[in-house]
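S.K.: One letter stands for each residue in the lines below.
2 protein chains.
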Amino acid sequence: MSPRSLNFYFDYISPYAYFSWRKIHTLCERYDIVLNAHPVVFGKLLDHWGQLGPAEVPPKKTALYKYCDRYAKLHGFEFNPPACHPYNPLPALRLSLQKVSGAEQHAVISAIFEAGWSKGADLSCRDTLAGILDNLGLDSVAMLAAIERADIKALLQEETSQAISCDVFGVPAFIIDDELFWGNDQLEHIELYLQGNDPLDPERVEAMLARHRGIDRKTFLKRGTGTD
Amino acid sequence: MSPRSLNFYFDYISPYAYFSWRKIHTLCERYDIVLNAHPVVFGKLLDHWGQLGPAEVPPKKTALYKYCDRYAKLHGFEFNPPACHPYNPLPALRLSLQKVSGAEQHAVISAIFEAGWSKGADLSCRDTLAGILDNLGLDSVAMLAAIERADIKALLQEETSQAISCDVFGVPAFIIDDELFWGNDQLEHIELYLQGNDPLDPERVEAMLARHRGIDRKTFLKRGTGTD
Chain L
1107 MSPRSLNFYF DYISPYAYFS WRKIHTLCER YDIVLNAHPV VFGKLLDHWG QLGPAEVPPK
1167 KTALYKYCDR YAKLHGFEFN PPACHPYNPL PALRLSLQKV SGAEQHAVIS AIFEAGWSKG
1227 ADLSCRDTLA GILDNLGLDS VAMLAAIERA DIKALLQEET SQAISCDVFG VPAFIIDDEL
1287 FWGNDQLEHI ELYLQGNDPL DPERVEAMLA RHRGIDRKTF LKRGTGTD
Chain H
1107 MSPRSLNFYF DYISPYAYFS WRKIHTLCER YDIVLNAHPV VFGKLLDHWG QLGPAEVPPK
1167 KTALYKYCDR YAKLHGFEFN PPACHPYNPL PALRLSLQKV SGAEQHAVIS AIFEAGWSKG
1227 ADLSCRDTLA GILDNLGLDS VAMLAAIERA DIKALLQEET SQAISCDVFG VPAFIIDDEL
1287 FWGNDQLEHI ELYLQGNDPL DPERVEAMLA RHRGIDRKTF LKRGTGTD
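Going down the list, the protein sequences come from chains L and H. Residue numbers are given in the working numbering: position 37 of the first sequence equals residue 1143, and the series is strictly consecutive. Residue numbers are given in the working numbering: position 50 of the second sequence equals residue 1156, and the series is strictly consecutive.
So here's chain L without its partners, still in its complex pose:
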């Protein structure tokens, strides 16, 4: 029997993705789970679902940064967000595809996350990315050349489309078996699920979701996503 796996969907744009990446390895090791890391373009998820990201609602960005600063202090690590945010995450995401970073994929992801969210690096800058790769002893020239290739660009798009087809609407998202979890605050629920102690009553929740919609906002109906 092949081992169980956990699919982790992330974009460097999200500090919550970083926070959960810091913990998900230990969790996977504890339950003998293979961790598959999927870089996806958060902006494309937002486009697809018609949603705004936290950094696109000014007071939400403020609340988010404050939350992150408190969270990091309480968890004993440094919070120092990217030099500019939002930024173009495509080069960083492409470097994080397994096809580009190979066996070092997880190390590359850890290093980029840490540079961005604990060291205030500019993750849109190729020189910065080259420095991160060099520090890991990787061939930054070859890797930065690889991410210019059309097949690599297409691969990131495919990862993103694939995530959307699995109902991923935000990052970090986690899929185990067919169960989707979303957000850094769900690690406790994920652990219970992995233990076989998931408190969820799936049939009951299915019935709750089948209850009808009452009233919908005009803006919501206009955007045409109110078809569930």
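Just to be clear, a hint being listed does not mean it is correct.
Identical chains blur together in the list; that is why a pair holds if it fits in one copy or across any two.
Simulated crosslink set (DSBU-like; lysine-lysine; CA at most 30 angstroms straight-line) [unchecked claim]: (1) Lys1324 x Lys1225; (2) Lys1150 x Lys1166; (3) Lys1324 x Lys1167; (4) Lys1259 x Lys1324.
To be clear, the hints were calculated from the coordinates, so they are not data collected in a lab. What you are looking at is a predicted structure, and each value in this text was computed from that prediction instead of being measured.
Once you've looked at the hints, dock chain H against the given chain L.
M.R.: Below, chain H alone, put in the same frame as chain L:
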């Protein structure tokens, strides 16, 4: 010196508002804080900030209900969401204004929240609301008449506008002094703040927020909220 107060902003549409309402009283009592409850129209917050609510992104609603079912089981109470959702929350919110429910405001809010999210009641139904008020020994006829008055309707609008002017972008939101917290997962941070042990470094976060934006999505720029 007048006692400190905590302003709690909520809409019955949100299960997270219910979850935090279940805990916020104890927290306020522990630190001798006056709890001011402010009903606001979540749909109007979404309109203002150009955002979608969780129930407006179909897979997010599914993830939300599953999260809530697990959360409630782990916290030992019943999760049984409203008979239809979303629904028109205006009558329920107007009944929850202090001007309408007076000294019984908190009891009314608790009873409506519980009926909606633990008993599956239809919170848009006036008969249901009347039953909730009757059970509390209140004059449901007079209260349901009061919420038809123009001044009461205006008052809920004012509460909502006031919340927006204080940067409230979602529910539940909590404002203590001038500090805004958002979400049921921030109760731990709120408690540290009330203790005088807030780990936040406000000046540092201010400096982080002043870092410039790199790239913005076209949809975001088009909506014209990218002016921070």
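S.K.: Flag every earlier hint the structure violates by its number, smallest first.
M.R.: Every hint satisfied by this model.
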